[in-house]
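Asks: For the record, the sequence lines run as chains F and V. Going by my numbering, the first sequence runs without a break in its numbering and finishes at 183. Going by my numbering, the second sequence runs without a break in its numbering and finishes at 1129.
Watch out, some of these pointers could steer you wrong.
[What the hints assert, rightly or not] Only pairs whose alpha carbons sit at most 25 Å apart, straight line, appear in this in silico DMTMM-like list of lysine to aspartate or glutamate:
#, chain 1, residue 1, chain 2, residue 2
1, V, K1012, F, D127
2, V, K1012, F, E162
3, V, K1012, F, D159
4, V, K1089, V, E1106
5, V, K1012, F, E148
6, V, K1012, F, E93
7, V, K1099, F, E141
8, V, K1099, F, E148
9, V, K1089, F, D159
It should be emphasised that the hints constitute simulated quantities derived from the structure, not laboratory data.
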Amino acid sequence: MRDISLHLMDLAQNSIAAGARLISVDLALDDNGVLTMRITDDGRGMTPEAAQRALGPFATTRTTRKVGLGLPLTQANARLTGGDLTIASAPNEGTTVTCTFYTRHIDCLPLGDLAQTIAALVAAHPDGPDIELSLTSPKGESAFGTAETRDILHPVPLDTPEVIAWITQSLREQTDVLFGGER
Amino acid sequence: MKSIAELEEIRKRTLQRINLRREDKESEVRVVVGMATCGIAAGARPVMMAFVDEIGRRHLSQVTVSQTGCIGMCRLEPMADVFLPGEEKVTYVNLDADKARRIVAEHVVNGRPVTEYTIGNAENNKQQA
């Protein structure tokens, strides 16, 4: 994975596969350059033992193959910076994945195109789980939610091309302001 | 900052079109992009957004873009399947955004698969090499 926004794209697939109705994504950059990315879903969740296993490369819910690399790759990239990835989960309650990246570490991946990640998730799942995005940095904060966007647009679907373009541009403006326009 | 007012404008503009779009499932064209870890790492996200953008640009209201997981040929990612009504699916491999746009123009619009990007072509070339 070339950047953090691609890891987010990948981890969000786990929430979708877990049958989530709501996925909350919080990205917070603090004064010391520590970026915390937290993905919380209300999907089917797992036992603490299964959550630990999920961090290994040979754990997957797929029956066709025996590898699942999304979480261990993200954890490896977080650890390269001195950060980490942890999972908190309970069956039928949902899962929270928390990653920390020390962005001033030379091995830290760039943030990437966060706007395109969110837009791609919405485009692929227009009726799927709602996404709540919350962004915080020393420069301010902003938020975006598919539920309220859906309400404003009704009955126009979220995957209408003009809407996807609006979401992309709107989020790009927000991330440029908050995270200095890094892609 | 993009405003809510703009969103309401989009709603007004597109309201007419959506009724047309939902009616006719028979003539629907589907583009399905692989979006597992392997696909994403290989560049599936810009490929998917190129499909979405090109389809929007051409006002192709009967085309949907969706995603699927890993189908076990990770080395050929980014991959996408194109389903035209009444025709066999065509699987494209090693895609990028430009290839995606060309597939929309030649295959989705004009009905001619881009043979050089198909999985059959990729596998034949490998055998000859």
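Asks: Could you run down the list of hints and mark each one as holding or not?
Replies: For each hint, the structure was consulted:
1. At roughly 20 Å between alpha-carbon atoms, V:K1012 and F:D127 fall within 25 Å of each other, so this suggested pair holds.
2. Between V:K1012 and F:E162 the alpha-carbon distance is near 11 Å, which keeps this suggested pair within the 25 Å criterion.
3. Of the pairs offered as hints, the one joining V:K1012 and F:D159 holds, with about 15 Å between alpha carbons and a cut-off of 25 Å not exceeded.
4. Our distance criterion of 25 Å between C-alpha atoms is met by V:K1089 and V:E1106, whose separation comes to about 15 Å.
5. This hinted pair checks out: V:K1012 and F:E148 have alpha carbons roughly 17 Å apart, not beyond 25 Å.
6. Proposed proximity of V:K1012 and F:E93 is contradicted: the alpha carbons are some 39 Å apart, above 25 Å.
7. The hinted pair formed by V:K1099 and F:E141 fails the criterion: a straight-line CA distance of about 37 Å is larger than 25 Å.
8. The hinted pair formed by V:K1099 and F:E148 fails the criterion: a straight-line CA distance of about 35 Å is larger than 25 Å.
9. Restraint check: the Cα-Cα separation between V:K1089 and F:D159 comes to about 23 Å, which is no more than 25 Å; the hinted pair holds.
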